[in-house]
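As you go down the protein sequences, you meet chains G, U and P in turn.
Going by my numbering, the first sequence opens with residue 1, and the numbers climb by one from there.
Going by my numbering, the second sequence opens with residue 1001, and the numbers climb by one from there.
Going by my numbering, the third sequence opens with residue 2001, and the numbers climb by one from there.
Hints listed in this document are in silico derivations from the structure and should not be mistaken for laboratory results.
Here the structure is a predicted model, which means the values were calculated and not measured.
We put the beta carbon where it would ideally sit given N, CA and C, even for glycine.
It is possible that some hints are incorrect.
What the hints assert, rightly or not - Computed spacing ranges between beta-carbons, pair by pair:
1) U:THR1311 - G:GLU190: 42 to 48 Å
2) G:LYS72 - P:GLY2496: 21 to 27 Å
3) P:ASP2232 - U:PHE1091: 50 to 56 Å
4) G:ARG135 - P:ALA2389: 55 to 61 Å
5) U:ILE1025 - P:TYR2547: 18 to 24 Å
6) U:ALA1104 - P:GLY2100: 39 to 45 Å
Unchecked claim - As a list, the in silico SDA-like pairs of lysine to any residue whose alpha-carbon atoms are at most 25 Å apart:
7) P:LYS2683 - U:VAL1193
8) P:LYS2135 - P:PHE2308
9) G:LYS354 - G:VAL408
10) P:LYS2535 - G:LYS354
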Amino acid sequence: MEFPFQWTLLWTDRMIYLLLVLVVGFGFYVSRKEHLLAPWRQIRRRPFAMSALVLLLFYLSIGLMDSVHFRKQLPMTDTSKALQYDPEVLSLLDVLLEGLKNNVEKTYSAPLATHAFNKQMLEGPDGTKQRIYPRLKYGGAHLVNPETDRWPDLLSRVGERAVFGIGIIVLFYIWVMLVLSQKHQIPPKEMTRKMIRGETETAWRAILLTAGLVFIVVGIAGPLSTKYHLFGTDKVGQDVLYLALKGVRTGLVIGTLTTLVMLPFAIFLGISAGYFRGKIDDAIQYLYTTLSSIPGVLLIAAAVLILQVYMDKNADAFASITERADIRLLFLCLILGVTSWIGLCRMLRGETLKLREMEYVQAAKALGVGNQRIMTHYILPNVMHLVLIAVVLDFSGLVLAEAILSYVGVGVDPAMISWGNMINSARLELAREPVVWWSLTAAFIFMFVLVLAANVFSDAVRDAFDPRLRGR
Amino acid sequence: MITYIIRRVLYAIPILVGVNLLTFILFFVVNTPDDMARLHLGMKRVTPEAIEKWKADHGYDIPVAWNASAEGIQKISETIFFKKSVRLFVFDFGFADDGRNIGADIRERMWPSLAIAMPSLIVGLLVNITVAMLIAFFRASYIDTWGIIVAVGMMSISSLFYIIGGQFLLSKMFRLVPISGYDEGINAVKFLVLPVLVALVGGIGSGTRWYRSIFLEEIGKDYVRTARAKGLAELTVLFRHVLRNALVPILTGVVVVIPLLFMGSLVTESFFSIPGLGSYTIDAINSQDFGIVRAMVFLGSVLYIVGLILTDISYTWVDPRVRLR
Amino acid sequence: MNRSFARLGLILVFILTACTSTPLNNPYPAEEQEKNVLYSSFSARPKHLDPAQSYSSNEIVFTGQIYEPPFQYHYLKRPYQLVPLTAEEMPHPIYLNAVGEVLGEASSSEEVAWSIYEIQIKPGIQYQPHPAFAKAGSGEPLYLNLATEALEGIQKLGDFEETGSRELTAEDYVYQIKRLAHPKIHSPIFGFMSEYIAGLKELSQTLQSVVSKEQGFLDLRDYPLEGVEVLDRYRYRIKVKGKYPQFLYWLAMPFFAPIPYEADQFYAQPGLVEKNITLDWYPVGTGPYMLTINNPNRQMVLEKNPNFHRETYPREGAPEDEMAGLLADAGKPLPFIEKVVFSLEKEGIPIWNKFLQGYYDSSGISSDSFDQAVRMTGNGDTALTDEMAEKGIRLLTSTAASTYYIAFNMLDSVVGGQSESARKIRQAIAIAIDQEEAIGIFQNGRGIAMQGPLPPGIFGYLEGEAGINPYVYDNVNGRPKRKPIAEARRLLTEAGYPNGRDAETGKPLILHFDATGSGPEVKARFDWIRKQFDKIQVQLVIRNTDYNRFQDKMLKGTAQMFQWGWNADYPDPENFFFLLYGPNAKAGKNGENAANYANDRFDALFEQMKNMENSPERQAIINEMVDLFRHDVPWASGFHPKQFGLYHVWYGNIKPNLMANNTLKYAKVDPVLRTQKRQEWNKPRVWPLLVIAGLIFAGTLPAVLTYRKKERET
């Protein structure tokens, strides 16, 4: 069978898939071991953490949809000998948001506006020139009298969707309740009571409320955004909601791939240093002290420049914009990984130093178990919780770092849609009068929700895995 | 103690050599001396001869790291790397590519950086400790819950928002402080209010949370319970016992950052156009002035190492049981 | 307790509002408030203030006020006209043929082998006070061969207590021209000038061998320069190869300003360079202002030169200047302003906001603040918004003598070369890039879309119908209207790319745009330009890289399309057409012809045109050149920016002059009015602070109450 499109695997896509496989594998492994499962059970009980998890999963699904890339097939021409594909790389999310992506205005327009934000010189049919606010090409284009019809139209759309959405959610709640009551052998009435009071073992009330909220917001915003620009448009007329949604993947990639890149180094070097001590320890300590004493921005700036040199020398390998931006993103993750593995490495070294003196390790040694096996089988599992905590804790910091790096000028490619780039442009927009506030607001909301969810969730993870650190 | 410090200082030397080498490699992979010359000579009417001359004048006309044409030890010493790094170790930073003395500039720009960093640190500590104490005092009440929620919320906002928002509100809307700039002496105060405030607000979330947990840990200890059982008022317990003991981890945590305060803040300084070392570094990266970048990296690593040593010393200071070998 | 808090708050508010005479947000010292000071900003620290090296527009802001070349542009008259500055009168070149015979004024450029310029300067002009001129009792320079101990207390130039001055002589002008050839100075115009000034190249070679042997001060007076000689104390002579009428324009730039040998000698002393005391940072000139504080990390201050020679405000100007009040000060001695303070500002937003608050006296308008400042009137003119007009701000516009363009690399295998298909691709792109829209979005209409390489105001530019580019525009009622996109598609089909795909293989056409830069503005621009190519179904890949890499690509000629710009050195068409002259190509030759355009006919016409006086014949040649340019489309599209400047009501005598760089001396401020306006505009709002304090108080109150209750219970 032949598809009218061609899969395109970007480098970050591959890494994301790899990460996904690792996470699923890890989850499968954990679910088999009761003692590993216990901390997760604890997290499951915490309503805030579960709300955060729902939000994170929502972001994740957006990010994953944006990580399936392909190119459309071009129609055959009379003379073409082989199938040709459109050079533009699209993602599943682009297809889903096609309406948003293509509804491009000329320049700024406010959220839900029907007219442009700035006056423009328009030539009337009689040749006279007038400076007026032109009607938008897409925003509220279906209205005949935008001045009077806009609010009623908006209200009726929102109301209709909200009623519809709440209906669906209630049905969904009932379904979940029935499934649960089946599973736990509790009568439905009792189950309902427990769920409403939040007395279930898993924090179902929080999960369902958050999920319901997300569902309603998406349900209202989705159809509405094809008729209006929910968050307005930017300087060249692109829909800000679309930009904010595309920024999700960039944020997630920076937050997750960086740790994926850094983990092998940190684990291997940290454990080796602590286990072997002596010269190896000295060498590794030397390495990370040296690296950590170089200001991070400089390392990143230099790395980004190196990449540019490389890309210019191999210009053919990076033919499209998407590929160029993608490789820069990956490189940024790599180099951020290099600057951020030191903390974890140091912690693992300290922990290993303690663990290697433990009786069970000494016993294994006495029994002649090889160094490699001791490290992987006796030490690594006992430091895994530290690794996990580090990973979840670093995530939000990295998402925030992206914005700062974009400001300094060494962040993601300017052609890449990211929250950092949006904030960066917003600085100019805030100086306008009247203020263009919506890009900043959109970036702020999307980023804030993600980072807040990540922070809340990582708190719960830390509390569960390392009770000593509770509350910090 | 003194032998310990000497030993640590000796340890620092290979690290500094490594830092230097790395900076050097990173910079020269992307920036050939030709590039630097072109950047500094400007865009209009630049001839290849002018570039050669510039290189010769600034000492970039010899091989980068290995001089094959020289004899013996000069194979290493007659190179850009050797000539440009050796003098760093006596803190002679040489000249920037625009002809200015880097040492003189660093000495001058250090003060504005400190003028922001020191008040930010001190006021930040005071406010964070106060708020954390308050929260700890009202632990398990709605103030505790909401305090933590607000703190996590504030942590989740990018520092850029604080800067942008602060400038917008305080300077543009309320006209309370100048938007940006700097002045010497007492006149500097009005310029410092906003950056310090922004740093304070930006750091309050994580700071409060961290200190609160330290206080709570301390409160949970036996001696506190004993004190309370003796009938001491809650406030007295908090201030006399908890605060004093909790200050130890707080202050040792602060010591490590003190030397780095000299380096200034990259983003804040360029947003508020404060002529400190942070904006100096950013400008140097943007204009690819290798002399300045190398000097700043070197300075940064030295300060970082000093911070580590200070931390160790502060441990012995607060806890006589710790012995430094 | 609560009441005392409230009282404290009230007192605080009172202190904040009532007791300060200067607004809280005033970034300048309060005691400077009523002084005759002009406030301005600079964004990057100037690299060179040595007139032999400085060539950037941000440096000329300073050097223009400090140094005085023999000539200057008339402040008010248009078209731009050179008038004497330190010279007595404008010189008339004497033309010589190859054997040294004097030729008539009207001689053709083929005959003329040498042009001789004899310049007579005014007597009695004094240098600014400077330690280099300070004399000990014996008449010897006071600060020469200073020992290390003597330098101990010295951190900046102002730390030298004694200063002196000296009369300007012709020798100083000659000395500076020799400095252009100094191997350690790297003058950017040396390469170019050595083609014209007789003996400059040879002098450079001589100096090169001397410099490599000796360290320290090199007295250039000992080395003769064939083409430049001192005739007497006030006269010198320059010998220029061939006929080069534009040479006089160069003599109005700081490159040809005087440098006293004493200054070179003074700065060459060991120990001063380590303290950043060099000619690059502390210039010595005869101009109306002198640089007294040079802290490139924070601020630079120009103060009135007490020794400034008598120069008066021009008595005549363009006809409309009388009406505009620009002649009110005619005949008064210059300069008017005592002191000019330049503060470092890296971001555009604070500059704009400080301007609105009255802390900068003038400002440009970024595209983001445009709508706040300017509105369009019914007939397409610009006027200030009510908000600005209320503040008494004035708007002055002018079209800059510059061109920004998107060009093709003519060496490229797809879009370059003289083949018919490549030319059609270029034409299609030229039509597709809607420059008018770009000007609308990014410049708020402040610009004129390019019809040819010449900007308006330069000889050879044609107004109206005659100036329309027929390859890109249709003539609709005498005004240019961009050809429809269908036409671009048709051209692309003819070139072999129907629907943006190769007619043979069906492969989509992908083009590359090489760029450098970062930041939000750049991103918006990239997005926009991609949209333009989408219109003809061509995908544009933007290869954005750092400045060095970009320069490298340009030098190697491996770019495909790129954006470039040119600011005129002087108002002559030669200064624009040489950007397209074949032998001046960028690739390989490092010339300024960035597009690497080469057309034999065009080159021949250029050689013919370049040294002509402005005349109908010259116009005819220019017309043919413009036509060739339009036909070959080496530049896809471009525009000539219009500059909009905003000036506060207290800032007077302003007329935009794009050629002159020493205009500060004409400007005037009214500090009393300024103080009054600043106070009016900057009343602080303290209530938000009170609201915040109140909220925090209200938030903690319940907790305090519960605690008290708990205390009482136990």
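Cross-check of the supplied hints:
1. Checking the proposed 42 to 48 Å range against THR1311 (chain U) and GLU190 (chain G) shows it is violated: the Cβ atoms sit about 57 Å from each other.
2. For LYS72 (chain G) paired with GLY2496 (chain P), a C-beta distance near 23 Å keeps the hint of 21 to 27 Å intact.
3. A hinted range of 50 to 56 Å holds for the C-beta pair ASP2232 (chain P) and PHE1091 (chain U), which are about 53 Å apart.
4. Checking the proposed 55 to 61 Å range against ARG135 (chain G) and ALA2389 (chain P) shows it is violated: the Cβ atoms sit about 29 Å from each other.
5. Checked against the hint of 18 to 24 Å, the C-beta distance between ILE1025 (chain U) and TYR2547 (chain P) comes to roughly 21 Å, which is consistent with it.
6. Distance hint for ALA1104 (chain U) and GLY2100 (chain P): a CB-CB separation of about 54 Å, inconsistent with the stated range 39 to 45 Å.
7. Distance hint between LYS2683 (chain P) and VAL1193 (chain U) is fulfilled; the C-alpha atoms sit about 18 Å from each other, no more than 25 Å.
8. A threshold of 25 Å between alpha carbons decides the hint, and for LYS2135 (chain P) with PHE2308 (chain P) the separation of about 20 Å falls inside it, so the pair holds.
9. With a CA separation close to 41 Å, the supplied pair LYS354 (chain G) and VAL408 (chain G) exceeds the 25 Å bound.
10. At most 25 Å may separate the alpha-carbon atoms for a hinted pair to count; LYS2535 (chain P) and LYS354 (chain G) exceed this at roughly 66 Å.
The structure fails hints 1, 4, 6, 9, 10 (numbered hints given earlier, in ascending order).
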